[in-house]
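J.: Residue numbers (our numbering), protein chains in the order written: chain V, 3 to 370; chain X, 304 to 463.
Calculated from the structure, these hints are not laboratory results.
Warning: the hint list may mix true and false statements.
[To be verified] Cβ-to-Cβ under 8 Å is the rule here; a few derived chain V residues that face chain X:
no., residue
1, Gln-48
2, Arg-60
3, Ile-169
4, Glu-173
5, His-175
6, Leu-190
7, Glu-191
8, Leu-194
9, Ser-206
10, Arg-209
[As the list claims (entries may be wrong)] Covered stretches of chain V, going by a simulated chain X footprint (3 or more residues, C-beta under 8 Å):
no., region
11, 238-249
12, 345-351
We put the beta carbon where it would ideally sit given N, CA and C, even for glycine.
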Amino acid sequence: MDSIQKLYRLLLFLVVGGLAWNILPFLGTVIVMLIFSFLFTTIFLQSVDSLERTIHSRGGSVILIIGSVISLGLWFFGSFIANIGSQIKEFTSKLQQEDFALSLEALSIKTREYLPDFMSNMIPESEKIISIAKDSLGNVFQNILSLLGSAGSFFFLAVMILIFTIILLIEYHDFKRSLVQFIPNKYLEVGLRMIYNIEQQISSYLRGQILAAGSVAILSIIGLFILNQTGANMTLIVFIGIIAGLANLIPMVGPFVGMIPAILIALMNNLGNDAALAHQLFGVIPSPFFMLDIIFMFIIVQQIDNNFITPILVGESVGLHPMAVMIVLLIGGTMMGPLGMLFAIPTAGVLKVIISEIIFISKNSHLL
Amino acid sequence: MKSLYENFFKKNNSSDPILHVMEKVPIFGNFTMKELKEVARLTHERSYKVGEPIFKKLSPGEGMYVILNGTVEIKDPDSNTVFAKLESGDFFGELALLDEEPRSAMAIATESAKLIGFFRTDLLTLMNRDPELGNKILMNLSRVLGERLRRTNLELTQAN
C-alpha cells in the first residue's frame, strides 16, 4: 500500500469516526433497545426452538412463549400493585391511631438505649417520624400517578423492545446466516467460532442467572414462611421473594436491595405490636419487629446461593477472576448505574471471547 | 394423479441447487426433503476465487464443505503433493465436524468455486434444535468414516 493510499484510508477513517461520534448520541436509545432485544432473544431462543420442534411453527412458538411471559408479568405486577396499595392504605389508617404513636416512641427509646450517645442524637423524635411517614405515604399515590405520566417514553421503549425481540426470535437463524455472509472467507471459520462462543457465553450466563434468581426467590419465600411461623407477621411473602430473586440479578448490590421490601413490610405490619417490638433473635440479640431475623434470613439465603446454587448453575460460564468481576461491576455501575451492573459481567464475558479470538488471529495469522 | 399431487402439494426442489447437491452427499443421505431443508437453512454459501485457499494446513478445523460448482484441490503445501481433485457434488473436511484438530492438508480453489459450508457450530445448533436430525447426521458421518477406515485397512493388508 503506497503512502497516498494510506493517507486516504486515514482520512476516511477520521471522517467515518467523526460522523459516528456525532450520530452516536442520537442512536443511543436504538442501541440500548437492540441490546435488550438481543438479550431477551438469547433468553427465549432455546424455548422457542424447542416449541417449534413440537408445533412446527416458528411464529406460533414465538407468540406463545412471549405471550405467556407477558401475561405472567402483567399478572404479577397487577396483583403486586393491588396488594401493596391495600397494605399502604391499612398502614396509613394505623398511623392515625394514638397507640401507634406510643409504639413508635417505645421503638425510638429502645433504639437510643442500644446505640452510643453520639449516635442516639441522630434518631429523630417519634412525632417527627410520624409526620414524615404521613407525608411520604400520602404522596405515594401522587408519586405513582406522576410516575405513570412520565412512563410514556418507557412504554414506547418497552413496546419497541418487544417488537424487536419478536422479529429477532422469528428470524434469528436467518439473521445470523445473513450476518455471516459479511465475514470475509479468510476469517469465516474464526468468525463462526467467535459468534458461537459469544452466544454460548451470554446464554449460559443468562440462563444460570435466571435459574439462580428463581432459586433465591423460592428460598426467600421459604425463609419468610418460616419467620411467619415464629410470629413475624409477614404478608406478601411471594411478592417479596420474587423481588428478592429479581434483585439478585444485579450482582453484589442486588441481595441488599432485595431485603428492603421485606423489612418495610415487617415494620408496617408490626408497628404497635409490643411482642414484636420486644422480639429477640435467638432469645439474645434484640431484633425489634423481626428486622434482624429478616436480615439474618437473607444472609443465609445469600450464602446458600453464593456457595451452592450459583457455582452449580452459573459455574465458570464467564470465567472471570473474582477481582476482575468486582472491577467490571464498578465500571458498569459508574457508567450506567444498576443497569450497567446488570450487563457488566456478560459484556465482559463477550469482550473476553472477542479478545481471545483476536489474540488467536494475531498469533496464527499464517494459518488464515 | 401423482403429477397433480406433486404440483400442488410438493414444491419442486430440484430447482434449488443447494438441495440438489446436498442430497447426493452421504452425510445427508436418506434425508427427507424437509430434513434437508432444515439442514440447508444452517449452511453457508461461499464463493472463492481461483487460487484462494479455503483452509490452510494446520489451521483449526471448524467444518466441512460441499462443492456446488468449480473445482478444489486438497494438497500438502510443503511437498506440493496433491491428494485429491474435487468437483461439483464432492465434499471435504468432514472430520472437523467432530473435533478441533488442525487440518492435515490445505484446500485451494483451482477454479472460481461456490461451496456450501456446514460447520461444527451449525451441527451443535442443530443437535440442540432437533436432536433426532443431529443424531442422523452423526450416524451418517460415522458410517462414512467407518467405510473409509475399512478401505484403509484393506489397502494396508494388500500392501503388506
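J.: Would you mind marking each hint as holding or not holding in the structure?
T.: Taking the hints in turn, this is what the structure says about them:
1. Taken as an interface hint, Gln-48/V checks out: its beta carbon lies about 7 Å from the nearest beta carbon of chain X, inside 8 Å.
2. A cut of 8 Å between beta carbons decides the hint on Arg-60/V: the least distance to chain X is about 11 Å, and the hint is violated.
3. Restraint check, Ile-169/V versus chain X: the minimum CB separation of about 17 Å is more than 8 Å; hint violated.
4. A cut of 8 Å between beta carbons decides the hint on Glu-173/V: the least distance to chain X is about 12 Å, and the hint is violated.
5. Taken as an interface hint, His-175/V checks out: its beta carbon lies about 6 Å from the nearest beta carbon of chain X, inside 8 Å.
6. With 8 Å as the threshold, the beta carbon of Leu-190/V comes within range of chain X, its nearest partner Cβ sitting at about 7 Å, so the hint holds.
7. For Glu-191/V, the suggested interface contact is upheld, since its CB lies about 4 Å from the closest CB of chain X, less than 8 Å.
8. Look at Leu-194/V: its Cβ gets to within about 5 Å of chain X, closer than 8 Å, so that hint holds up.
9. The beta carbon of Ser-206/V is not positioned within 8 Å of any beta carbon in chain X (closest approach about 12 Å), and the interface hint is therefore violated.
10. Taken as an interface hint, Arg-209/V does not check out: its beta carbon lies about 13 Å from the nearest beta carbon of chain X, beyond 8 Å.
11. Coverage of the region 238-249 of chain V by chain X is violated. Counting CB-CB distances below 8 Å, 0 residues qualify, and the rule asks for three or more.
12. With 0 residues carrying a beta carbon less than 8 Å from a beta carbon of chain X, the region 345-351 of chain V misses the three-residue requirement, and the given coverage is violated.
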